[in-house]
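Work the whole structure out from these sequences, hints included.
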Amino acid sequence: MTYGLRVKDTLGNVCVITPDVKNIISSGTVKAPTVLRPDSTYGVNIELPGTTVHAVADIGVLVTVRGYTPSGYQTASVSGLKVGERAFARWLYSGGIFFTRNGSTGVMTSFAETAYHDTFYNFHPIAFWDKLGETTFNRVRLFAGVVYYIYDASHSDYKEIYNLGLIEFIDYVVYLKNM
Amino acid sequence: MKGLNKLLNYDFMDYGKVIIRSRYFPDNWLPFGIISGDTDLGLIITTAYAYTQDRGFQLYKVGSNNTGMYQSINFKYNIGGMIFDIGMWIKVVTQTGNSGIKLSYKWLDSTGSQIGLQHNIASITSVQNFTLHSVADVTAPNGTYRIWLGVETAGNNQPLLAIADNPYVYGGSEYGLKVYDTSGNSSKIVSDVSSIIASGTITMPDVLNDDDTYGVDIDLPGDDYIDTKNLGVIVQARDFDWKLVVNILPYDSGNKFWGNFFGDDAVTYYEKADDGVMTSWSAGAMTPGDPTTYNFAVNVDLFAEWDRNATSIKKVRLFAALFYTFLKSVAAGTTTETFYARDYGFNINGVSGYALTTTRGNIEQVYTSESNGNIFFHGPKTTFDIIIVHTDGSETTLATGVAEDDRGDAWGGGSGGEGLYSATWALASDTALASSDSLKFVLNVWFQTVNGSLTIFTTTFSITYTTQALNSTLLKAGTWALYRYIKGYSTGSWGWGIGHVDIYWGTSTKEVKITNIEYAVSGSGAQRVCSIGSEGIGEIDYMIYQKDYDGS
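If you read the protein sequences in the order shown, they are chains A and B.
Read in this note's numbering, the first sequence has 51 at position 51, and its numbers run on one by one without any break.
Read in this note's numbering, the second sequence has 1397 at position 397, and its numbers run on one by one without any break.
Derived lysine to any residue pairs resembling SDA-like cross-links, with alpha carbons at most 25 Å apart:
#	chain 1	residue 1	chain 2	residue 2
1	B	Lys1229	B	Asn1074
2	B	Lys1328	A	Ser94
3	B	Lys1006	B	Tyr1070
4	A	Lys177	B	Asn1230
5	A	Lys22	B	Leu1004
6	A	Lys8	B	Asp1548
7	B	Lys1229	A	Asn23
8	A	Lys22	A	Val7
9	B	Lys1314	B	Asn1230
10	B	Lys1547	A	Trp129
11	A	Lys82	B	Leu1249
12	B	Lys1328	A	Val147
Everything labelled a hint here was simulated from the structure, so no lab data went into it.
This structure is a prediction, so every number in the text was calculated from the model and none was measured.
So this is what it looks like as structure tokens:
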């Protein structure tokens, strides 16, 4: 390599600092929102330095959930079975507030569950950098929600549905190169 | 791009020491203007009112006076001729008459005196969503050493509610080490850069730690406590094994199978409390004909985190476990708890205070005060205010100035003393709660000292403690004992030195605590528990990074 800054220790170990080195420009723990933003997207903004935009290739983001409250479901034991047979049905909570998410734009749209119809087969928290369909950025959007994998019986479709507000805190790191 | 943001704490993530009307100012920012009941201003921790991060600075004007917040950046060298971009995002929620928000900046010399006019960036007199108000490429006049940036309320009318966020000052001289490649790409290394101080893969243990918490501790460099704001941790599960029992129901003449998963009574599951203490829990034995012994598994998820409570630490605790939500039956009833003050803080329902938890800690915290005159005259007299705080930040006061302890007779005329003192207060009747309500206890301290000239000095201060949401709908009547650990002492020559009163808490020997608080516990149909180690998450990957790391 013909460029870079070479740092050695007394044992001869070497580290070469090049323009590919990224700076962690923001990190920590933030509170997750309980409401949508005015443009119907969702999440926490993290500012990037400067008043001009940064290319997506120069940005890196790690984000994890610090915990969540399992909620948004209801279950019922199926009756009429023999002794020793316990079976349960499980659905999205009737009256719960759920959203679908447009993967291209990040826009959240209300999802109206149908009582005792929309079966879920697991749910878990998820967090990621929501790029909102953009390729350059002057801020980073952190998304965090609980996702349910469901069968939407009314539309005969398998869907990913989000319940927002069940996650209180998220941990994140934003790093940047070409500063 | 003009380098990094020159403002300190521009994201408002660090609390300051200025508190006005129960709201914290962000660190490195100060108030100006007329401080009165006319403007409620300070941090508001809600993403609904934040442009970036999870908080903004609220200016709520309810009278004729105006006030604001500013930061003065001291470059400590002449920045004359240098070019800057200055701005701030502002949202106006409510606006009345001629009320408004003013954003401005000033150039200051090395003594802090203003150079030329104050420069107005924006005067906003209408409701708006978050909007950037800024100036670009403004040149500092010769002799400028500091830049002052302020946001304030304006006008005579009210009410006005506005939020300021994401301020910036870019420009001036750049610092750091810039490394280029042959294509002209570059990276700048600055002092804020974080170092990865530990990383790798760890096997998670199968047993709890001695204090019934769980996880692996990673030593941080050096012997000093490190502020958690300088640390970051990312931890992820890399190997897991779930433990459930399936119950298969054949149907369609045995050609199809309906599977349901239940808790395994042969596995030790654990409940994890907010303070990290794990309590074992066993699933039912799936006895045919007895539905209460079947714990249906609603969901399963992997969970790994930096398990932290303190604000400064020597070790990082890595936690990882496989979590399950089981259906179960829990009878409604009451629980009687002792709440112990801890060394770290909570921000609950808009109240910032030291944490009160149902488990005792082992890290000492102290609040110190000083007074002229080192002969104790009256007091210290300590009392508590007891308040229910609701989710919208409003409060219901249960009592003020109660559970008094007065050291006056014992300490008067002397140089102090030290001990754990208690007094009681009785909640006369059952009190309804919302499940999101929390309890706030304010410890009020009052004492008088006298000096050799017989001049009397009065000192007062308060310390706020808060529980998390109690998740209860009823606070039961009862008599509570409120403990406080007080140390009074003098330094300097008799009559001419300094009097000290310190409040300690956080350990079993020096604590602030409230005992015998009884409240209702709701019945529950679900329980979240986890399995650990080889029966949960067996291995994790992690990375710990630290800034302000000097390599020691």
